[in-house]
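Line by line, the protein sequences give chains C and S. The opening position of the first sequence corresponds to residue 11 in the working numbering, with each subsequent residue numbered one higher. The opening position of the second sequence corresponds to residue -7 in the working numbering, with each subsequent residue numbered one higher.
Everything labelled a hint here was simulated from the structure, so no lab data went into it. Everything numeric in this text was worked out from a predicted model, so none of it was measured. It is possible that part of the hints are untrue.
Below, a sample of chain S positions facing chain C; criterion: calculated Cβ distance under 8 angstroms [unchecked claim]:
1. 10
2. 38
3. 68
4. 134
With a cut-off of at most 27 angstroms between alpha-carbon atoms, the simulated BS3-like pairs for lysine-lysine come out as follows [as the list claims (entries may be wrong)]:
5. C:128 x S:207
6. S:207 x S:157
7. C:153 x C:128
8. C:143 x S:121
9. S:207 x C:143
10. C:153 x C:23
11. S:47 x C:128
12. C:143 x S:68
13. S:57 x S:47
14. S:207 x S:165
Cβ coordinates follow ideal geometry from the N, Cα and C atoms, glycine included.
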Amino acid sequence: MSNDLIALFLTLKLALLTTIILLVISPLIAWWLAKSTSKLRPFFEALVALPLVLPPTVLGFYLLLAFSPNYLPGQWWQSLTGTTLAFSFGGLLIGSIIYSLPFVVQPLQAGFVTLGNKELEAADTLGLSRWSKIRHIIIPMTKRSFMLAAVMGFAHTLGEFGVVLMIGGNIPGETQVLAISLFEHVEALEYQQAHQIAAGLLISSLVMLFVIYSVLQRQDKH
Amino acid sequence: MSLSIDISYQQSAHKISIATELPNQGISGIFGPSGVGKTTLLRFIAGLDNPMTGKISFNNQTWFKPAASVSPQQRKVGFVFQDSRLFPHLDVRSNLTLAQSQTKAPQLDQAALCEAFGIISLLDKRANKLSAGQQQRVAIVRSLLAQPSLLLLDEPLAALDRHSKQTIIQQLKEHSAKHQLPMIYVSHSANEIEQLCDNLLMLHHDGRIEFGESKQLLQHYLQQQASVVACDDKLQQITLTLTAEQYQHYRQRPHLFISDDKKE
Chain C
11 MSNDLIALFL
21 TLKLALLTTI
31 ILLVISPLIA
41 WWLAKSTSKL
51 RPFFEALVAL
61 PLVLPPTVLG
71 FYLLLAFSPN
81 YLPGQWWQSL
91 TGTTLAFSFG
101 GLLIGSIIYS
111 LPFVVQPLQA
121 GFVTLGNKEL
131 EAADTLGLSR
141 WSKIRHIIIP
151 MTKRSFMLAA
161 VMGFAHTLGE
171 FGVVLMIGGN
181 IPGETQVLAI
191 SLFEHVEALE
201 YQQAHQIAAG
211 LLISSLVMLF
221 VIYSVLQRQD
231 KH
Chain S
-7 MSLSIDISYQ
3 QSAHKISIAT
13 ELPNQGISGI
23 FGPSGVGKTT
33 LLRFIAGLDN
43 PMTGKISFNN
53 QTWFKPAASV
63 SPQQRKVGFV
73 FQDSRLFPHL
83 DVRSNLTLAQ
93 SQTKAPQLDQ
103 AALCEAFGII
113 SLLDKRANKL
123 SAGQQQRVAI
133 VRSLLAQPSL
143 LLLDEPLAAL
153 DRHSKQTIIQ
163 QLKEHSAKHQ
173 LPMIYVSHSA
183 NEIEQLCDNL
193 LMLHHDGRIE
203 FGESKQLLQH
213 YLQQQASVVA
223 CDDKLQQITL
233 TLTAEQYQHY
243 RQRPHLFISD
253 DKKE
């Protein structure tokens, strides 16, 4: 199997795992941000949004330090697993989760704000438990936000470059994702291979966004 | 055995203190002009909000005391909101089934209840496609199907036409009597209160409260400050101030429409 194909599978695996993990943790964060009246909320909102404005290399740099055995998180990980997070798929996954967090949290937060309290109060007075409210009211009523969040998280992870370069390096089969592969081909003046990857990423991203916006538009009409 | 309320809360500029006991049978009304805190009181009883201080208990079970509030789920209080609050992503049938599925031992026949409240033909429609009046009828049936121990109704008939109002009022009375379900009915319509309620808690703008037999209290209220809106023979709206006797007299004349909603 060529390195590019390996990079493609690695990229899809990374994007899929990142999206799944983000869809588990983000609803809790988004719910708190949507409903909390705490004075600390703007700080945490800023923290979640940080990857939107921060150069990915800055995030990557600090993650690289955190993963190194010279600092506490890296030491703790090494004593637990005997390996380092830097230049590993696990490290890449953590970086991706942090980097794509706002792309998943923000659509969910907007959905939860729009949902309001009215239907939830009605559910309370009908005796629905917390889990029943999540299952029967919150998730179905914010379905479009979940769909948008999943696609944005997945598509954004596909195109990740800066963070991966800093913490993952360029190890085929372990940390070499498509964006890195593309960079490598360009450096080696292999423009034809570079074209294949670039056009592939461009078209797949466009198709994904087109499909999700079409689905959302169709839902609006119902 | 009753609903005991002894609470204080802030409503606009007034601090309102209420200390009363509502019977746990039949239909009790809460009556008063807009903005006097009727909905606020219902929300306290349901556990959706908490008063500043005081105590609320139902059948000797404390629902609220300072720093301790029982959740609406544990209170088993049904609430028909002014704005119906059906789940818009579900059809009518699913709204009803979801409510009924929360009860451990469903005792009500969903189809019979739908028939009685005239919503059989709406069962397969999406909740957000119904008219306001239809939504309210579905909301009432949904609350009944959850088999609450106390049902609170916040001006549930505001969006209904005259004929539908009569039907629903009759059905609510029958249901309350048949299933021994106590109800608290909030309205600023003396007509609805008079037809439906046995007892009445009357709230005034200045923070005063009165509690007693509903017909008696309403008569007294209308005598004191009846201000009704009527139409004259040219169908122009005129405002009359009537004594209770005059009010009863005009209400019985079919050619003269009198709305007994008190206008501010």
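For which of the previously enumerated hints does the structure constitute a violation, in increasing order of number? 1, 5, 9
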